[in-house]
Amino acid sequence: MCNLGIQFDSAHFLPHIHFIILTTFLLFAASPTSVLSATFFTSKGRPIPKVKNIKRIQNPTLWRLYVAKRNEMNRLAPLTQNEKILYHGTCSDVCAKINADGFNRSYSGANAVFYGDGTYFAINARYSASDQYSKPDAKGFKLIYRARVLTGEYGQGQKGLKEPPLKNQQGGPDRYDSVTDQLQSPSMFVVFQDNQAYPEYLIQFLTK
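Sequential numbering of the sequence shown, starting at 1, is according to the UniProt record's numbering.
These aren't lab readings, by the way, just hints derived from the structure by calculation. Fair warning: there could be bad hints in the mix.
Pairs of lysine-lysine residues, derived as DSBU-like cross-links and limited to a Cα-Cα distance of at most 35 Å, are as follows [unchecked claim]:
no.: 1; residue 1: Lys162; residue 2: Lys69
no.: 2; residue 1: Lys135; residue 2: Lys97
no.: 3; residue 1: Lys167; residue 2: Lys84
no.: 4; residue 1: Lys84; residue 2: Lys52
no.: 5; residue 1: Lys69; residue 2: Lys52
no.: 6; residue 1: Lys135; residue 2: Lys52
no.: 7; residue 1: Lys50; residue 2: Lys135
no.: 8; residue 1: Lys84; residue 2: Lys139
no.: 9; residue 1: Lys167; residue 2: Lys139
no.: 10; residue 1: Lys69; residue 2: Lys139
no.: 11; residue 1: Lys69; residue 2: Lys135
no.: 12; residue 1: Lys139; residue 2: Lys97
no.: 13; residue 1: Lys50; residue 2: Lys139
no.: 14; residue 1: Lys84; residue 2: Lys208
no.: 15; residue 1: Lys162; residue 2: Lys97
All chains, please: the whole structure from these sequences, using the hints.
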């Protein structure tokens, strides 16, 4: 996984459930007296982005829905690693919607949808930080979310999927929880239910 070079320690903050309304916590802010940067990637001559700020999203409604779904998946598949920390590139004009309403799969199609019409998340922050998924603003700043995502048991994605494929192609009722680009070595996941992802941190950074 691509390391941001920053410790995200939830022990320093009140649990999500303590917040009654949507709140954003500024965790990491630039100042004139300090050089605040994080490494998304250091190889292949890529630039090292400088972080302007990191905000933690506290949305009790979304959090309760997410936890309920996580508990259900853990009950049905206790031996599966159902939850992953993944990245999602975005731009400033949709952040308020995501913070308030979560990742809405109805917006799929704005970018590539090679593996289904759901919400896409990358294992490596480098992928989500590309201009295709995280468009720079007028000052060159970009945005990505560090999200909690319930990938559960995943199948192979393909263009046109509206939901995960059936586990048993002979007609069984159970479907996979999500899909991926490569079953043996996934680099991204696609979820089709909005309560399967929680936008925990919003990172604003500069790549040049």
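Status of each hint after checking the structure:
1. Lys162 with Lys69: holds, 19 Å
2. Lys135 with Lys97: holds, 17 Å
3. Lys167 with Lys84: holds, 21 Å
4. Lys84 with Lys52: holds, 25 Å
5. Lys69 with Lys52: holds, 33 Å
6. Lys135 with Lys52: holds, 16 Å
7. Lys50 with Lys135: Answer holds: Lys50 to Lys135 is near 16 Å, not above 35 Å.
8. Lys84 with Lys139: holds, 32 Å
9. Lys167 with Lys139: Answer violated: Lys167 to Lys139 is near 47 Å, above 35 Å.
10. Lys69 with Lys139: violated, 39 Å
11. Lys69 with Lys135: Distance of about 31 Å is within 35 Å: holds.
12. Lys139 with Lys97: This hinted pair holds, its Cα atoms lying about 22 Å apart.
13. Lys50 with Lys139: holds, 13 Å
14. Lys84 with Lys208: Holds. Lys84 to Lys208 sits at ~29 Å (cutoff 35 Å).
15. Lys162 with Lys97: The given pair, whose Cα atoms are some 22 Å apart, holds under the 35 Å limit.
Checked against the numbered hints given earlier, this structure breaks hints 9, 10; the rest are met.
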